[in-house]
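*Asks:* Just so we're aligned: the sequence shown equals residues 1 to 106 in the working numbering.
Keep in mind the hints are simulated off the structure, nothing from the lab.
Please note: incorrect hints may appear among the correct ones.
What the hints assert, rightly or not - With a cut-off of at most 25 Å between alpha-carbon atoms, the simulated BS3-like pairs for lysine-lysine come out as follows:
no., residue 1, residue 2
1, Lys-59, Lys-31
2, Lys-31, Lys-79
3, Lys-87, Lys-31
Claimed, not checked - DEER-style ranges, computed between Cβ atoms:
no., residue 1, residue 2, range
4, Leu-86, Glu-26, 48 to 56 Å
5, Asn-85, Pro-18, 51 to 59 Å
6, Tyr-65, Cys-96, 35 to 43 Å
7, Thr-39, Tyr-15, 18 to 26 Å
8, Asp-92, Asp-12, 44 to 52 Å
9, Pro-30, Asn-100, 48 to 56 Å
10, Cys-96, Trp-35, 29 to 37 Å
11, Arg-25, Leu-84, 48 to 56 Å
12, Ile-93, Leu-73, 28 to 36 Å
13, Ser-81, Arg-25, 40 to 48 Å
Every value quoted in this text rests on a predicted model; they were computed, and no experiment measured them.
Glycine included, C-beta positions come from ideal geometry on N, C-alpha and C.
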Amino acid sequence: MNAWIVERWRDDMLYWNPAHFGGIREIILPKDSIWIPDTTLYNSLVMDDAESRRLLNAKLTTDVYKTVLVELLYPTLYKFSCMLNLKFFPFDIQVCSLLNSNILTY
């Protein structure tokens, strides 16, 4: 399955005061320069991020609440299996579940 994934979270540690930086409220950073959650598809046939997630850059936007909204938007290719019930073929309806979560690392 091809998809575009959007991940958003707030990070107080990345806050900057726009008044001290020429009014800049939004920046784009390379993905390797900030923490990014290890989000994965648990029932995937392929567990290699290089195969599925093609991370590009992260957009950081500061706000009046002294926090930063971090946004990732990236294309992905998920490969997963799905049990099919063909009892009423060709009039069947298939439902496949995707278990998407992050891996907690310390």
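*Asks:* If I claimed the Cβ atoms of Arg-25 and Leu-84 lie 48 to 56 Å apart, would that claim hold in this structure?
*Replies:* holds (49 Å)
*Asks:* Take a look at whether the Cβ-Cβ distance between Asp-92 and Asp-12 falls inside 44 to 52 Å.
*Replies:* holds (49 Å)
*Asks:* Within a Cα-Cα threshold of 25 Å, do Lys-59 and Lys-31 meet the stated pairing?
*Replies:* holds (9 Å)
*Asks:* Honestly, do Pro-30 and Asn-100 meet the 48 to 56 Å range at C-beta?
*Replies:* violated (24 Å)
*Asks:* Can you tell me whether the CB distance of Asn-85 to Pro-18 sits inside 51 to 59 Å?
*Replies:* Cβ of Asn-85 to Cβ of Pro-18: about 55 Å, so the range 51 to 59 Å holds.
*Asks:* Does 28 to 36 Å hold as the CB distance between Ile-93 and Leu-73, or does it fail?
*Replies:* holds (31 Å)
*Asks:* CB of Ser-81 to CB of Arg-25, is that within 40 to 48 Å?
*Replies:* Cβ of Ser-81 to Cβ of Arg-25: about 44 Å, so the range 40 to 48 Å holds.
*Asks:* Is it true that Tyr-65 and Cys-96 lie within 35 to 43 Å of each other by Cβ?
*Replies:* Holds - the Cβ-Cβ distance for Tyr-65 and Cys-96, about 39 Å, lies within 35 to 43 Å.
*Asks:* Does 48 to 56 Å hold as the CB distance between Leu-86 and Glu-26, or does it fail?
*Replies:* holds (50 Å)
*Asks:* At the C-beta level, are Cys-96 and Trp-35 separated by a distance inside 29 to 37 Å?
*Replies:* holds (31 Å)
*Asks:* Mind checking the alpha carbons of Lys-87 and Lys-31 for me, to see if they're no more than 25 Å apart?
*Replies:* At roughly 46 Å apart (the allowed maximum being 25 Å), Lys-31 and Lys-87 break the hint.
*Asks:* Holds or violated: Lys-31 with Lys-79, Cα cutoff 25 Å?
*Replies:* holds (23 Å)
Figure legend: structure checked against the earlier numbered hints; hints not met, in rising order: 3 and 9.
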